[in-house]
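**Q** If you read the sequences in order, they're chains A and B.
For the first sequence, the numbering used here begins at 1 and goes up steadily by one.
For the second sequence, the numbering used here begins at 336 and goes up steadily by one.
No lab work stands behind these hints, which were simulated from the structure alone.
Since this is a predicted model, take the numbers as computed values, not measurements.
Virtual Cβ for every residue (Gly too), placed ideally from N, Cα, C.
Warning: the hint list may mix true and false statements.
[What the hints assert, rightly or not] Partial list, computed: chain B residues near chain A (C-beta under 7 Å):
(1) H424
(2) R458
(3) V462
[As the list claims (entries may be wrong)] Which bits of chain A does chain B cover? Going by a derived footprint, with three or more residues having C-beta under 8 Å, they are:
(4) 136-146
(5) 223-236
[What the hints assert, rightly or not] Pair ranges (Cβ atoms, derived):
(6) A:G167 / B:N398: 35 to 43 Å
(7) B:R709 / A:W196: 35 to 43 Å
(8) B:H990 / A:Q328: 30 to 38 Å
(9) A:H223 / B:A987: 50 to 58 Å
(10) B:H990 / A:T238: 53 to 61 Å
(11) B:D787 / A:F107: 50 to 58 Å
(12) A:A6 / B:K699: 18 to 26 Å
(13) A:I26 / B:T522: 39 to 47 Å
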Amino acid sequence: MARFLARRLVLMLLTVIAISVISFFIIILPPGDFVDRLVQEANQYGENLEPHEIEDLRRNYGLDRSAVEQYFVWIRNILFRGDFGYSFGWDLPVSELIGQRLGLTAFLSVVTLLFVWIVAIPVGIYAAVRKYSLGDYVFTFLGFIGLAIPNFLLALVLLYISFRYFGQSVGGLFSPEYVNAPWTFARFADLLSHLWIPVIVLGTAGTAEIIRKIRANLLDELHRPYVLTARAKGLGETYLLLKYPVRHSLNPFVSELNDLFVKIVSGETIVAVVLGLQTTGPLLLEALKEEDLYLASTLIMFLSFLAVLGTLFSDLLLMLLDPKIRRQAASREMM
Amino acid sequence: MQTDALLSLQGLTVSFRDGRRRSVALRDVGFDLPHAKTVAIVGESGCGKSLTARSILRILDTNATIDGGQILFEGVDLAGASEKSPTLHGIRGGRIGLIYQEPLTALSSFYTVGNQIMEAIRRHQDVTKKQARERALELLHAVGMPNPAQRLDAYTFELSGGQQQRVMIAMALGPHPSLLIADEPTTALDVTTQAVILDLLQELQQSQGMSILFITHDLGVVSRMADEVVVMYLGEVVEHGTRADVLTTPRHPYTQALMASLPGRAQFRQATIPGTVPSLAERPAGCAFAPRCAFAQPGLCDVQRPELVHADGVHVRCHAFGNAASMFDLSLQSNQPDTVTKRNSRQFGDRVLDLRNVSKTFEKREGLFGQRVREIKAVQDISLELRQGETLALVGESGSGKTTLGQTIVGLHKATRGRVMFAIDGRDADITNLSAAEWRNVWQSMRMVFQDPFSSLNPRMTAFDIVAEPLLQRPGTPPAKPDLVRKVHELFRLVGLDPEMAGRYPHAFSGGQRQRIGVARALAPDPKVIIADEPVSALDVSVQAQVLNLLRDLQSNLGLSYLFISHDLNVVASLAHRVAVMYAGRIVELADTDEILDRPRHPYSEALLSAVLTPGLADQDSHMRLPGDPPDPLSLPPGCVFAERCAYATVACTHEMPEMRNLGGHWVACHHAEALALHGLRNESAPDSPAPNS
Ligand SMILES: Nc1ncnc2c1ncn2[C@@H]1O[C@H](COP(=O)(O)OP(=O)(O)OP(=O)(O)O)[C@@H](O)[C@H]1O
Ligand code: SF4
Ligand code: SF4
Ligand SMILES: [Mg+2]
Chain A
1 MARFLARRLV
11 LMLLTVIAIS
21 VISFFIIILP
31 PGDFVDRLVQ
41 EANQYGENLE
51 PHEIEDLRRN
61 YGLDRSAVEQ
71 YFVWIRNILF
81 RGDFGYSFGW
91 DLPVSELIGQ
101 RLGLTAFLSV
111 VTLLFVWIVA
121 IPVGIYAAVR
131 KYSLGDYVFT
141 FLGFIGLAIP
151 NFLLALVLLY
161 ISFRYFGQSV
171 GGLFSPEYVN
181 APWTFARFAD
191 LLSHLWIPVI
201 VLGTAGTAEI
211 IRKIRANLLD
221 ELHRPYVLTA
231 RAKGLGETYL
241 LLKYPVRHSL
251 NPFVSELNDL
261 FVKIVSGETI
271 VAVVLGLQTT
281 GPLLLEALKE
291 EDLYLASTLI
301 MFLSFLAVLG
311 TLFSDLLLML
321 LDPKIRRQAA
331 SREMM
Chain B
336 MQTDALLSLQ
346 GLTVSFRDGR
356 RRSVALRDVG
366 FDLPHAKTVA
376 IVGESGCGKS
386 LTARSILRIL
396 DTNATIDGGQ
406 ILFEGVDLAG
416 ASEKSPTLHG
426 IRGGRIGLIY
436 QEPLTALSSF
446 YTVGNQIMEA
456 IRRHQDVTKK
466 QARERALELL
476 HAVGMPNPAQ
486 RLDAYTFELS
496 GGQQQRVMIA
506 MALGPHPSLL
516 IADEPTTALD
526 VTTQAVILDL
536 LQELQQSQGM
546 SILFITHDLG
556 VVSRMADEVV
566 VMYLGEVVEH
576 GTRADVLTTP
586 RHPYTQALMA
596 SLPGRAQFRQ
606 ATIPGTVPSL
616 AERPAGCAFA
626 PRCAFAQPGL
636 CDVQRPELVH
646 ADGVHVRCHA
656 FGNAASMFDL
666 SLQSNQPDTV
676 TKRNSRQFGD
686 RVLDLRNVSK
696 TFEKREGLFG
706 QRVREIKAVQ
716 DISLELRQGE
726 TLALVGESGS
736 GKTTLGQTIV
746 GLHKATRGRV
756 MFAIDGRDAD
766 ITNLSAAEWR
776 NVWQSMRMVF
786 QDPFSSLNPR
796 MTAFDIVAEP
806 LLQRPGTPPA
816 KPDLVRKVHE
826 LFRLVGLDPE
836 MAGRYPHAFS
846 GGQRQRIGVA
856 RALAPDPKVI
866 IADEPVSALD
876 VSVQAQVLNL
886 LRDLQSNLGL
896 SYLFISHDLN
906 VVASLAHRVA
916 VMYAGRIVEL
926 ADTDEILDRP
936 RHPYSEALLS
946 AVLTPGLADQ
956 DSHMRLPGDP
966 PDPLSLPPGC
976 VFAERCAYAT
986 VACTHEMPEM
996 RNLGGHWVAC
1006 HHAEALALHG
1016 LRNESAPDSP
1026 APNS
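Okay, chain B solo, but in the shape it has when bound (with noise of 0.2 Å):
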């Protein structure tokens, strides 16, 4: 079959060899990609988006093997083409350029990016040395690095997350692709960048006419960047179409369920999907969703796979769309949120948290013999307070000083000014100076969650051990064996986890069940606050809607107090009751959630939010982009924090730094506050905001 388009892809299989069993990765996945288009490949972890790009450049793992079907672009199928013909090599960095996720690490660090980006250059024209420089130099320029020329000499280290990804661009569009593969180009980056390199393809593909084939799990990225959406589940397309009809009218059972277990705003319980995603191995016989589907009708769906149907200008694999259509009613919305809790009222418990102008400040030794020595001020004068049953955000940019904060807090760096109080049997205590023992004593009632569910959890204990290990630790005679099962069953029950799997070690569960884990630990000696560092950051939407609901329902039943560090204000918006959004080391603003969402009243917090990206809305583009990068803590500027990059700054705000101030219960450190009309989530389109001041 001939089509007009750039790529197409057909019938494409791709299966690894595991051992001796081979499991079958990709299964017929076709779709075209129109010259000068958009087309984004979305799904949770697993799917085989990665693994389509990687088919695509033919840059699979020795394992795998395409086992059938074709890739054909411009006019060549490079499925069949030789591994050693020089038409795939020549396409390869040439026609067809790939940026992905983490730049870092996608870059070598041992030559400049000037050489990296010279030899893709030099690999596809037939151009001298200096030809190649001065093409590098301009690609620089076209991606928009600040001070291109002497960036041309760098390593990777000496530059910003940011500008990483535009060399990794700048090298991709080097030789004039007409095809770029971006894989979550922008995950690994904060908001405010993500936002800059997203106008940067678009311009690029503008300019350029070239197509783009945009991976990622991200439905507000697709929404903003998309003209026609692939849903992948389990290697299998699921459903194809354009960008409104897949977002704005989802018709497979998973894209709606992918679309309703998005964090929502107000503290709503989310609409989750049961389970996750199975093995390669674990392949169900029917329909790959099946297990999961909560429209599946037994006798079909479990044993007959879907075709690919047209209906509407859609492809859906989905028997509701085939010739059984008359056997399903897809518009019964049984994912509906099964209980609200939504919060009943302002009324919080008493204060169990107070910060009072803590700063934390890192020594860098330099010079000859270490002698001078530079201070990092990782955090700066931090005054909160957290009360009884309340969860508040700490939002901000990486490297602002989220993660810091929440360990000086428990006790992992010792504060170097101000104090930490804590209510302890209802009386505030001073935990800033601590001995071991003390915060042991502490670390009973107040507890971390951490990140990175894989990492977090020893490998070497049993689920079992590590949940039962806080309360070993407890003060005081260990409790009695039967006790102690009893009581960890019991937490592995309220997490949602079947007490079965107790004696499995961590690599046995999914990262949802692992971070599950993590929480038990968290609570095991009925701790009153919990401080959880990005805990749901690494999980995909639909277990990070399973974690959600879970420390909704923690929070309602136990009373728990939360500090949630994140820097996704999507999941914030959904969960927290306040907002403090941090700086270079200080919080900037202060207030309820809606308050700030709606109504931000400091720069930075404006800026932060016209980068959120969500699915639906209409136009995402509010054009407000922060130029440059944070300040550098070794050397902070004397006046406010964010003035370099500040629309508004004025030249008090340069030298002379704003001091937090209370407008009303919304806590601002800006000079400016009052007279600025700075726009939130909601604009003036919504209806319960008031119009902005004027």
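The following block holds chain A by itself, in its conformation from the complex (with noise of 0.2 Å):
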């Protein structure tokens, strides 16, 4: 277990070592930089830089190095000093923006995941169980409808619905008095009281393709012989319906958790930006635009960061489910 816990703990970190360097060199490659668009704007405005003006801009910036000796400076910052870089664009330490809208994210996309689940585990074993009620059918109904609607859409109608019958402010995690206020239980009160609708949107397609692969997967499982074993013990059926098939069959599942957690933390940016969300999602966004290398780059790692972390957390759910995994990891053997 311990070992096993090791390797996975040794991949995860070469898995961010890698994809910090993809990142990097993603956004630093190409050609034209930050300061390049600095000029472009100087130029909108009938400012016209001179070359030794623009040369030492890309000294200030560190932009006159080349990209591998870029890239070790801030990684040993990050690692020494805890210093993410700066940002170009606002101006600020890049530790200091992305602070809490990463954890904002990081919550959001937790809540959905926890609101997919507890939709979409009793809706499936329910349509699965009932197969072909009117209650199956109804479902079905609504996961096509949930599937086909755009986020955009969709978010829009509720920011309407909760604008005109909560009384809500429109848009945003928090209302107006809280933005910028410190933590207090009154303000998390108000978070949550913001946060159904993102997590709705966020989590209406999850939901709806979740209910579909828990309903295949259960009706697979229902008509196995230790089914039928079970029934043969005299157990009652909802007891040893939950206790077996549905048992076994979120082993599926909960293996393809990880790219449900990995859709709804990039299906967030656009969300976000239509709801006036304070996450990373719009702060990437513009970063990209503005080839903010730091910034961006940062944001991604700390992104897949939190991909990669979603993947160890489904396999180990799926060694705590599955005996067999288990004793596998247990005594030695490949993982």
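Hints given; two lone chains; assemble the complex.
**A** Below, the structure is given as structure tokens:
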């Protein structure tokens, strides 16, 4: 078990390093950098910068060194000083910019994931056990709609509803008075009261998909011999249903859990733009447009770190759930 | 009607809803199960054996309903009990236990076996967790589980097939049932394991005074276990009597035909039952067996359903025993084999296949980064040859390496050591290391037939395309369309299929027909050698007889050579000229079929043979049982691979590996082969076998 974890942690570290390299170089390698953009902007305002001024700018931003050198300086500062670099566009240290937003993104994603489970698992089970019942048809229909509606449209509809019927402020994760307030219980409550819209928007498609998967998985399991055995033992129907086929059907779903999580994290951007959320999505979009090197690279690195954490989590959950995998991990073997 | 039987079925009728239609699957099923006795239900696949068992427990699929009849168990009518009634739930699993075929899938892999046994106990008895655990331990002990305390916390995938079935039995016995329903409990097990499990069931029956309803398609098992036998056909009881009555003097034409189609000794053609069991929707109007019955009287049998009549202590559902008996003469043995093609001499043709010290080792990576490599020795040091027109059978328990060897020969695996020589155009060619293109060439003359006729045919291709495929893959120009059609139709006729059916997809064929398609595909490029891996194991006896006859006919007409892989010694005895016995990846004995069957010289062969059940033989029990399981292929013992389980092992056996030695044409790998007096199938009683060495 400890070895399994050690192995996974090593792999995680390698993955994050690889991603940091890729994200950094994808942004730095194409011709043009932040200074080029400054020069361009200056031109638009009729100011012409002298070549030596441009040189100075580059030196100030550290953009005159080779890409490899810049990368190592960046990494060294992260490792030894906790300094993630400087956002050119915002004129602020990256760490100050992203701290809270990263937290919000992670929180929003996890809450969405929980929402998806809490809705999808019971509904999926119901739809499988009562196959072709009215409820099954209704859920199938709702599922189709959930998959078909574009997220931004759903976001707008829900915004309207919340504004019209609940009198909530439009957009954002906080009411205006709490946006820059320090964390208090009241602020947290305010966050929760705003959270439902993005959670529903982000979670609907996933929920529909998971319901379908659980239904299909469970339908496969319901007629397996071990269910018959349980029934022949005289166990109660609900009890045996939950103990045996449901437990068996969760496996493939758990192993795909991380895909869902990644989908949520990456789907967040557009929803956040529409809803005006203070999460990482809009910030990343901006940073990429402006070639804000350190901000963009740091964001990408953290987001992929989140995804890697998700994988680890789903693997651990799988081990918890499936004794076969647990025994394999415990007794050495490759994983 | 009140009876003093433990269980009494009366007029039980069950039907399935299938879209709009209803089809009757059980029709008027009635028989009594006396206290502390075993009643066996036999019949081919789809005859309603399992359905009867599930009806008794009321665990039918949701599209099935009980339309009539009674299931009286300890005075309660289960057929009429409401689904929610506590009596029913108490009886299910409490008074009636169920075990069935594949223990691996019948148990959950997500909970320890202890958990599953304890659950059954606690459902029916008011005991604490601790008491339930003690009882579970006791039960595992009682069913002969090695290391029971440790096994309580094991998962199913950590147990062998036999051990899994022991867990199932322990679970069913937990709440002290008075009736145990065993649905094909040993069908998925090796013969040696089957023998041990059957012993166990008999022992438990005696010690607990239980009744057993034993469901099987294997008449050998019936003759070992049953007090009474119920023969079912298409959801009806067609014959019911004592074991002796039913097995030695079968009355109903179906029972007779079933007995006659069992594989016998020597390489004769077998009697078969024409056709197959019809589907429920196509139930014949009169007698259900009429379309396949050799004695059917037109105007009677195909119009009027026979009653179950009582004749000489036996119940038979056949007009030949009713009022119209005078119209029939069942003594006419019309089901006799038509032609006899006994192999005429020991003169086979030239050598076609020659294995020289072939080994196949798989690698298994372990350790933190898969850096440690351990070897699984699946096949070790195999030498054998196959001559033209000969059938060599490869027998052994599951995991002994039979399939791996077959696949290594046809190039699906690459041999790790040794050489495979194959006669192409009269010259021995080394086919151990060939390129893909060269293999395609070899596959024209060496073909494979697979075990499972259901999964080995591509469901998206028509039967025609399946059979034509190897012809189109031949090197050189593909045959012209008319030639191709002619050839494929010819192949269809050769394997006894109507060319009219060539346009159908595999799902539209029965199991036996699919296996014929598999054989036709193998025969397409005019091969010389066919490697058949358990080709009849998935088939019913009557269909099995048809396919075995087909293989015999093809051999005598085309001079084919077969490497016939099987675990069924009855089939091997009826088909093979020579037999190689494999154990833990090695051939331990190799000799002529009669030699091995009657005078085995390796202790493992003796154990295998003593586990063989042949219906009709009076005393089936030679009381020789193999303890334990085969060795782990990851860590084979240094000496004789069989030493751990061998009753004759000496100290030398455990550290010195026995070489294969030739004892007058009888090859055997055992240190003590000459000194041992081993028992074969025919033992002392057989007139043509000499008394064992004394
Ligand atoms: N859920 C179902 N829906 C429709 N028909 C079914 C269903 N389950 C079983 N049957 C049919 O009922 C008949 C009896 O099946 P049953 O399983 O009792 O056969 P069996 O004698 O046990 O055969 P086997 O030897 O293959 O186990 C078969 O024709 C089968 O196809
Ligand atoms: S009733 Fe007729 S068809 Fe049926 S088994 Fe008897 S003889 Fe054959
Ligand atoms: S060599 Fe020894 S252990 Fe092996 S089979 Fe012969 S007697 Fe038994
Ligand atoms: Mg069955």
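**Q** Evaluate each hint against the coordinates.
**A** Cross-check of the supplied hints:
Below 7 Å, beta-carbon pairs count as interface contacts, and H424 (chain B) has one with chain A at about 5 Å; its hint therefore holds. Proximity of R458 (chain B) to chain A holds as hinted, the smallest CB-CB distance being about 5 Å (cut-off 7 Å). The restraint placing V462 (chain B) at the interface with chain A is violated, with a minimum CB-CB distance near 15 Å, outside the 7 Å limit. Coverage of the stretch 136-146 of chain A by chain B is violated [criterion: at least 3 residues with CB-CB distance below 8 Å; count 0].
Remark: the stretch 223-236 of chain A is confirmed as covered by chain B, as 13 of its residues place a Cβ nearer than 8 Å to a Cβ of that chain, reaching the required three. Under the hint 35 to 43 Å, the C-beta atoms of G167 (chain A) and N398 (chain B), about 53 Å apart, miss the expected range. Separated by about 54 Å at the C-beta atoms, R709 (chain B) and W196 (chain A) break the suggested range of 35 to 43 Å. Between H990 (chain B) and Q328 (chain A) the CB atoms are about 33 Å apart, so this pair conforms to the stated range of 30 to 38 Å.
Hint check: H223 (chain A) to A987 (chain B), Cβ distance near 54 Å, so the stated range 50 to 58 Å holds. Taken as a hint, the range 53 to 61 Å holds for the pair H990 (chain B) and T238 (chain A), whose Cβ atoms sit roughly 58 Å apart. Between D787 (chain B) and F107 (chain A) the beta carbons are some 52 Å apart, a value that agrees with the proposed interval 50 to 58 Å. Separation of A6 (chain A) from K699 (chain B) is about 22 Å and conforms to the stated range, judged on CB atoms against 18 to 26 Å.
In this structure the hint that I26 (chain A) and T522 (chain B) lie 39 to 47 Å apart at CB is violated, the actual value being about 60 Å.
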